[in-house]
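Enquirer: Here the protein sequences come in this chain order: L and R.
Going by the working numbering, the first sequence runs without a break in its numbering and finishes at 113.
Going by the working numbering, the second sequence runs without a break in its numbering and finishes at 114.
Worth double-checking, as some hints may not be accurate.
Stated by the list, open to error - Taking lysine to aspartate or glutamate and the EDC-like style, the derived pairs with C-alpha atoms no more than 20 Å apart in a straight line are: (1) R/9 to L/39; (2) L/42 to R/44; (3) R/40 to L/59.
The set of hints was computed from the structure by calculation and includes no laboratory data.
Listed here are the chains, written in short residue letters.
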Amino acid sequence: GENVEQHPSTLSVQEGDSAVIKCTYSDSASNYFPWYKQELGKRPQLIIDIRSNVGEKKDQRIAVTLNKTAKHFSLHITETQPEDSAVYFCAASRRNTGNQFYFGTGTSLTVIP
Amino acid sequence: DTEVTQTPKHLVMGMTNKKSLKCEQHMGHRAMYWYKQKAKKPPELMFVYSYEKLSINESVPSRFSPECPNSSLLNLHLHALQPEDSALYLCASSHGGGGTDTQYFGPGTRLTVL
């Protein structure tokens, strides 16, 4: 089955700096890669996703890049704000697996004001 | 309605109790999921229903029993739970169950087993 690794497990940045979280996956057939943000005590919320036919996707301060050859994808947050503090999970999935998501282990991001 | 709702928000139960968790969505999604999540860990998949049929059961103990009465509702029946079952139980839904569909999560039920 698929194995998704996520690094780093914790990340602290100063407000206004950029944050980068990286994930690698093992199954070359994986073709959908969502990123979820989970604030303390709240539900995981989709913040951005990318499909394997695209190399990069951007939404305001958030971007995701995908390198299919190397089987890794990354979340980039620019101009970080204290409200970006949360746990971030990456995931991978592919067709014909019942839409099963394989989650990374999570990154706890702290933005220091 | 673009949300997944779950009730109750919190549940405390003894090991001999029987209780149920409920999940509802009105987005016309045909796949629904139960996850268990421990603090600061990723969600662990328990069950997947696709078009109201159980399609994935991730070797979950029989003390957890899922039910999908219709395409909008998903229940999780709990019986004879153990303290280690204390966790956040998340429901999610997606457009279909064929793969690569975005999953939308409910707010969860915080379960404590005494």
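Enquirer: Decide, hint by hint, whether the structure agrees.
Expert: Here is how each hint holds up against the structure:
Among the hinted pairs, residue 9 of chain R with residue 39 of chain L is consistent with the structure: their alpha-carbon atoms are about 16 Å apart, no more than 20 Å. Between residue 42 of chain L and residue 44 of chain R, the direct Cα distance comes to roughly 16 Å. Compliance with the 20 Å bound is thereby established for this hinted pair. Of the pairs offered as hints, the one joining residue 40 of chain R and residue 59 of chain L is violated, with about 26 Å between alpha carbons and a cut-off of 20 Å exceeded.
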